[in-house]
Amino acid sequence: MLTNVRALLRRRELIYHLVVRELKARYKNSLLGVLWSLLNPLGMMVVFTIVFTIQGSGSQIARFPVYLLIGIVTWNFHNSAVMSGAGSFVLSGSLVKKVYFPREILPISTVLSNLVNFLLALIVFFPIMALFHGKLSPWLWTLPAVILTQTCFILGLAFIFSTLNVFYRDVVMVLDVGMLAWFFLSPIFYSVDSLPSVYNLFGVSLDVHRLMYILNPVASFMSMYRDILYYGGSFGLDFFLRTAFISLATLVFGYWLLTRASGSFGEQL
Amino acid sequence: MIVRVEDRVPGRPLLELRHVSKRFVLHKDYQQGVQETFVRLFDPRRRQSRGQDFWSLQDISLRVEPGECLGIIGPNGSGKSTLLKIITGILEPTSGDLATNGRISPLLELGAGFHGDLTGRENIYLNGCILGLNRKEMARRAESIIDFAELGEFIDIPVKHYSSGMYVRLGFAVAIHTDPDLLLVDEVLAVGDATFQHKCMDSIQKFRAQGGTLILVSHDLGTIQSICHQAMWLDHGCVRDFGSPTDVVMSYLNEVARGEQENAGAQPLPTIEGANRWGTGKVQITGVEICDGASRPCSTFVDGGTMEIHVKYRANERIEDPIFGLGFHHQNGTHICGPNTKFARLYIPFVSGEGKVVYRIPSLPLLEGTYLISAAVVNRDDTEMFDYHDRAYKFRVYPGVSSERFGLVTMRGEWAFEPGADAQFAQQPGKSRAAGAAVAADRQISKSRRPY
Numbered sequence: 000m001l002t003n004v005r006a007l008l009r010r011r012e013l014i015y016h017l018v019v020r021e022l023k024a025r026y027k028n029s030l031l032g033v034l035w036s037l038l039n040p041l042g043m044m045v046v047f048t049i050v051f052t053i054q055g056s057g058s059q060i061a062r063f064p065v066y067l068l069i070g071i072v073t074w075n076f077h078n079s080a081v082m083s084g085a086g087s088f089v090l091s092g093s094l095v096k097k098v099y100f101p102r103e104i105l106p107i108s109t110v111l112s113n114l115v116n117f118l119l120a121l122i123v124f125f126p127i128m129a130l131f132h133g134k135l136s137p138w139l140w141t142l143p144a145v146i147l148t149q150t151c152f153i154l155g156l157a158f159i160f161s162t163l164n165v166f167y168r169d170v171v172m173v174l175d176v177g178m179l180a181w182f183f184l185s186p187i188f189y190s191v192d193s194l195p196s197v198y199n200l201f202g203v204s205l206d207v208h209r210l211m212y213i214l215n216p217v218a219s220f221m222s223m224y225r226d227i228l229y230y231g232g233s234f235g236l237d238f239f240l241r242t243a244f245i246s247l248a249t250l251v252f253g254y255w256l257l258t259r260a261s262g263s264f265g266e267q268l
Numbered sequence: 000m001i002v003r004v005e006d007r008v009p010g011r012p013l014l015e016l017r018h019v020s021k022r023f024v025l026h027k028d029y030q031q032g033v034q035e036t037f038v039r040l041f042d043p044r045r046r047q048s049r050g051q052d053f054w055s056l057q058d059i060s061l062r063v064e065p066g067e068c069l070g071i072i073g074p075n076g077s078g079k080s081t082l083l084k085i086i087t088g089i090l091e092p093t094s095g096d097l098a099t100n101g102r103i104s105p106l107l108e109l110g111a112g113f114h115g116d117l118t119g120r121e122n123i124y125l126n127g128c129i130l131g132l133n134r135k136e137m138a139r140r141a142e143s144i145i146d147f148a149e150l151g152e153f154i155d156i157p158v159k160h161y162s163s164g165m166y167v168r169l170g171f172a173v174a175i176h177t178d179p180d181l182l183l184v185d186e187v188l189a190v191g192d193a194t195f196q197h198k199c200m201d202s203i204q205k206f207r208a209q210g211g212t213l214i215l216v217s218h219d220l221g222t223i224q225s226i227c228h229q230a231m232w233l234d235h236g237c238v239r240d241f242g243s244p245t246d247v248v249m250s251y252l253n254e255v256a257r258g259e260q261e262n263a264g265a266q267p268l269p270t271i272e273g274a275n276r277w278g279t280g281k282v283q284i285t286g287v288e289i290c291d292g293a294s295r296p297c298s299t300f301v302d303g304g305t306m307e308i309h310v311k312y313r314a315n316e317r318i319e320d321p322i323f324g325l326g327f328h329h330q331n332g333t334h335i336c337g338p339n340t341k342f343a344r345l346y347i348p349f350v351s352g353e354g355k356v357v358y359r360i361p362s363l364p365l366l367e368g369t370y371l372i373s374a375a376v377v378n379r380d381d382t383e384m385f386d387y388h389d390r391a392y393k394f395r396v397y398p399g400v401s402s403e404r405f406g407l408v409t410m411r412g413e414w415a416f417e418p419g420a421d422a423q424f425a426q427q428p429g430k431s432r433a434a435g436a437a438v439a440a441d442r443q444i445s446k447s448r449r450p451y
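So the sequences go chain by chain: F and A.
With the first letter of the first sequence counted as 1, position 196 gets the number 195 in numbering that gives the first Met the number 0; the numbers rise by one all the way through.
With the first letter of the second sequence counted as 1, position 123 gets the number 122 in numbering that gives the first Met the number 0; the numbers rise by one all the way through.
It is worth saying that the hints were derived from the structure and are not from the lab.
These figures come from a predicted structure and were not determined experimentally.
By construction, the Cβ of each residue, glycine as well, lies at the ideal position given by its N, Cα and C atoms.
Errors might be hidden in some of the hints.
Stretches of chain F that chain A covers, calculated by requiring three or more beta carbons in the stretch to come under 8 Å of a beta carbon on chain A [stated by the list, open to error]:
1) 12–19
2) 22–36
In silico DSSO-like pairs for lysine-lysine, Cα to Cα no more than 30 Å straight-line [what the hints assert, rightly or not]:
3) F:K96 - A:K281
4) F:K97 - A:K311
5) A:K205 - F:K27
6) A:K205 - F:K96
7) A:K159 - F:K23
Chain F on its own, in the form it takes in the complex (with noise of 0.2 Å):
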C-alpha cells in the first residue's frame, strides 16, 4: 500500500491536470462560468428559505438563512463528490482501458475538483453572514482541520462506490435513492435539537438525537461547521478525533478495496 501511495504522489502533477480539465468542462460554454458555484447555493438558500418560512419550521431557527446556507454548501459538497466520484471510472473508461496510470488518481481529482467549488461557495458565505449580524469565531483556523476530514470522508466513499461501480453499475442508481434519504437524515433545514431523545420504534426506544451524530458523519461534520461559522464558537476535540477516526478509516478502507480490485479493471470497463 505504502509503494501504491508512493507511486501516486509521484503523479501528483497529474491529478492537477485532471482536477483543471474537470472545472474547466464544467464551466465551458456557461455564461456566467464559474460564478455559478456561488451562485448554485445562494439559490438552493432562497427556495429553502421560502419554503420552510411559509411551511414553518424555519421561523424556529435564528438567522434561518445562514443556518441554512451552512448546510446546503456541506451537502452539495458531499453529495456531488461522492456520486461523481462514483462514476469516475465508468465515465472515463476509455482512458483506463487505454492508458495505464495509478486508477485512484480518476476519483482523487473528481473529489478535489468538487473541493474546489466548495471552497468558492464558502467564499459566498461570509458576506451573507455580515448580512445577518453574524459574529467570526475565533476559531476560524480551525475550519481546515473540518474540511480536510470531509474531504477524506468522501474521498474513502468515492473510492468505494467508484470500485463497486465498475463490476456493478446497479450502484449508482442505488446511490441516487441513497443519498436522497441521505439528504433528508442530515439536519440541513431543521436543527438535531429538534429531533426527540426518545422514540419509540417497534417497542425499542431509540436516542434519536444521539444515533444521529454516530451513524452519520454528514451530521457532523455540519454541526462543526455551524459551531464555527454559525454560532461562532469552537467544537468539542473529542467530538472533532472520533468524526476523523471514522473518516480516516473509511479513506483506509477505500484505498484498500481500490488497489486490491484495480487491477482488473481494464478488463471490466
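Put chain A on the given structure of chain F with help from the hints.
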C-alpha cells in the same frame, strides 16, 4: 509478481516477462448484474455457471534489453494486443512475473485521453502528464510537438472540432516526443494519410537509430524485417517461433500459405480444366509444383531465395523434340518473362510415358507481390500446342535479401559514386574535419540500414 520502476535503472533489462499467462472469463451476457449474482448465491451449480475460460496468453517469457527492437507478428486474435496491454499495465496477468524498468510510452490508441473541450495545447500537457512527464518537460517539447502535428493555428481550439486526421497526428506527436525508454507500437501507423504515415515511420526509425528500444506489433512483415532485431510469432496465445525476423517471418508465411492451401484444397481446382487450359493433349502437364531450394512444395518466397518449378507430364504417345515453357505474370496481368527449354538450349530428344522437367532459379529477382505461373508444352516448331495452363499457379514474394522496393524485379545492378574534381578533397581521409564527419555519417547510415 509485478514490479514497475519508472526511473530507469541502468544495466537491467527494460522489460522482463516470466511465464506470463492471461485468462479471460467469457460471460454469455457480459454485464454481471446484482440480480444474477444474487440468483447464483442460491444456485448449487454456481461454480460451473461462471462462464467459459479463455486463455489469451499462455506462458510467455520475454526479455527486452536497452536498444533492442522486438517485432511481434501473428494472426488476428493471437494475443498480440493483450500482451502489449499487459506490458503497459492496462491489464494484469493472471499468473507469471513482470518487471519493467523505465518509462513506457504506448502508441496503442492515438489520442486516448484527449478531452474534447480542451484545446490542442491543453491536451498536449494533459496527455504528456498521463504518459508520465511533468509540466516543465512538456513545455520544452510543446513547440516541436505542434510543429510535428502540423496543426498551426488550430492548436488553440478545442480538439472536438478537429478532423480525425488532426486528432491522430496530435496523438502521435505527443507520444513520440515523450522520449520513452520503451516505445510500444500497435498497428497505429495504418491511420492518417500517406505523407503522415511516412513521417511516423521516419520518426520511429529515428527513435531506433538513436538507440531507443521498441516493441512493434505489425502485419506489415516488411517493416518487421527492416526495423527489428528479433521477432516473435504469437499463435493462440503461445509463442510459436522466436528469433531473427527473417526466419520467423518465413516460417509464419509458410504456415499462412499452408492454411490457405488447406482451405483451397476443399474445392476442386477450377484452373486446370476449362477456359484456362487448352491444347491437343498429346502431351499433358499433370501437375506443376512450385518448390523451395530443397524441392519441398512452397508458395511463399523472399526475393533472393531459391525457387524450383517442377513440371510433371504424361505423354500418351512418343513425341519427338518437345519444348516445355513457363510464363511468369504479376497478379495485375503484366507478363514478366517466358523461359522455355528451347531458349535455354536444353534438347529433349523425345518424351513418352511420365516424367518431369525442372526449372531452377538460384536467386529469385522478383520483388514483393503475388505472381502467377503459366506452364506449356508445344512441339518443336511451336505450331502445335499440346497443353497450356494459363496462369494457374500462384506464389507470393516477400521482402528478403534485397532492400529494393518499387516495381516488380530487382536488376541486381551495382552503384558507384564518382565525384567531380571539386569534391576530390573530401575523398582524402583525415585531411579535414568535414571528411571525418562524412565518414561517421556514412557509418551511421549503414548501421541503421542493417536489418540486424
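Going down the list of hints, with the structure as the test:
no. : hint           : in the structure
1   : 12–19          : holds (count 4)
2   : 22–36          : holds (count 3)
3   : F:K96 - A:K281 : violated, 67 Å
4   : F:K97 - A:K311 : violated, 56 Å
5   : A:K205 - F:K27 : violated, 40 Å
6   : A:K205 - F:K96 : holds, 29 Å
7   : A:K159 - F:K23 : holds, 14 Å
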